[in-house]
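Protein sequences, first through last, are from chains A and B. Positions 1208 to 1319 (our numbering) are the ones given, in order, by the first sequence. Positions 220 to 332 (our numbering) are the ones given, in order, by the second sequence.
Just to be clear, a hint being listed does not mean it is correct.
What the hints assert, rightly or not - Quick list of simulated restraints, FRET-style, between CB atoms:
#: 1; chain 1: A; residue 1: V1261; chain 2: B; residue 2: D237; range: 42 to 50 Å
#: 2; chain 1: A; residue 1: M1301; chain 2: B; residue 2: S246; range: 25 to 33 Å
#: 3; chain 1: A; residue 1: K1212; chain 2: B; residue 2: K276; range: 23 to 31 Å
#: 4; chain 1: B; residue 1: P289; chain 2: A; residue 2: G1224; range: 47 to 55 Å
Unchecked claim - Just a sample of chain B residues kept apart from chain A, beta carbon distances all over 12 Å, derived:
#: 5; residue: K230
#: 6; residue: K233
#: 7; residue: R241
#: 8; residue: E263
#: 9; residue: F284
#: 10; residue: E290
#: 11; residue: V293
#: 12; residue: K297
These are calculated hints, taken from the structure and not from any lab test. Idealized CB from N, CA, C, for every residue including glycine.
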Amino acid sequence: QQQVKQSPQSLIVQKGGISIINCAYENTAFDYFPWYQQFPGKGPALLIAIRPDVSEKKEGRFTISFNKSAKQFSLHIMDSQPGDSATYFCAATMDSNYQLIWGAGTKLIIKP
Amino acid sequence: GAGVSQSPRYKVAKRGQDVALRCDPISGHVSLFWYQQALGQGPEFLTYFQNEAQLDKSGLPSDRFFAERPEGSVSTLKIQRTQQEDSAVYLCASSSTFNYEQYFGPGTRLTVT
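Go ahead and model the full structure; you've got the sequences and the hints to work with.
Dropping the structure here:
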């Protein structure tokens, strides 16, 4: 019940296209859902996060869509650029426990 | 100030040696986390401090792992009698009291030979 399942494992998108990464969770007590971007040799960097009281949050080219009833959330990267090539992780946590529960990651490659 | 820093960035240890990994959190951040990240996988929680108090150490894989944060700032993760399965990147993150946003350091890559 603590798991966060992420798909796909890897994704190749043409420059200018839309990249979509999906995550699903079981624990309805989760109340904070961040996405992290990680480049090789670097630590994860917070990209965007959402709480379950909203269905969508947009920051620049990055959008989180959240479906509370389906217990799913997704990251959309619009106008994908080669510089977006990285590994993306979804995560979840709850108020009583700051421990982040992570998805397995998606390796995104944007082809020029 | 600056972001989270970790040292050393790389550590090679012979099996059975003890190692100490350091984390300098963002100044003023109350919460500090340690995670272990195996190659090609997501980070896994090890332990959590609020100031100097270790509130959760449920993720530490064995009693060979020990973490401390004696003055509520810098933290050290110590691994005794290292084993090959301890080879991983060890990530430190810190966050303020007011939200859940965790900021990560670059990690320490530990290789046990």
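Hints, verified against the model:
1. V1261/A with D237/B: 42 to 50 Å: Since the Cβ atoms of V1261/A and D237/B sit about 47 Å apart, the hinted range of 42 to 50 Å holds.
2. M1301/A with S246/B: 25 to 33 Å: 27 Å, holds
3. K1212/A with K276/B: 23 to 31 Å: 26 Å, holds
4. P289/B with G1224/A: 47 to 55 Å: Once the Cβ atoms are compared, 50 Å apart, the range 47 to 55 Å for G1224/A and P289/B holds.
5. K230: Per Cβ check, K230/B is outside 12 Å of chain A; nearest 15 Å; holds.
6. K233: The assertion about K233/B holds, with a minimum of 24 Å to chain A.
7. R241: Non-interface label on R241/B holds, nearest chain A Cβ at 14 Å vs cutoff 12 Å.
8. E263: Label violated. Min Cβ-Cβ 7 Å, cutoff 12 Å.
9. F284: Since the minimum Cβ distance to chain A is about 16 Å, F284/B lies beyond 12 Å and the statement holds.
10. E290: 21 Å, holds
11. V293: 17 Å, holds
12. K297: Check passes; 20 Å lies beyond 12 Å.
Hint compliance for this structure: hint 8 alone is broken.
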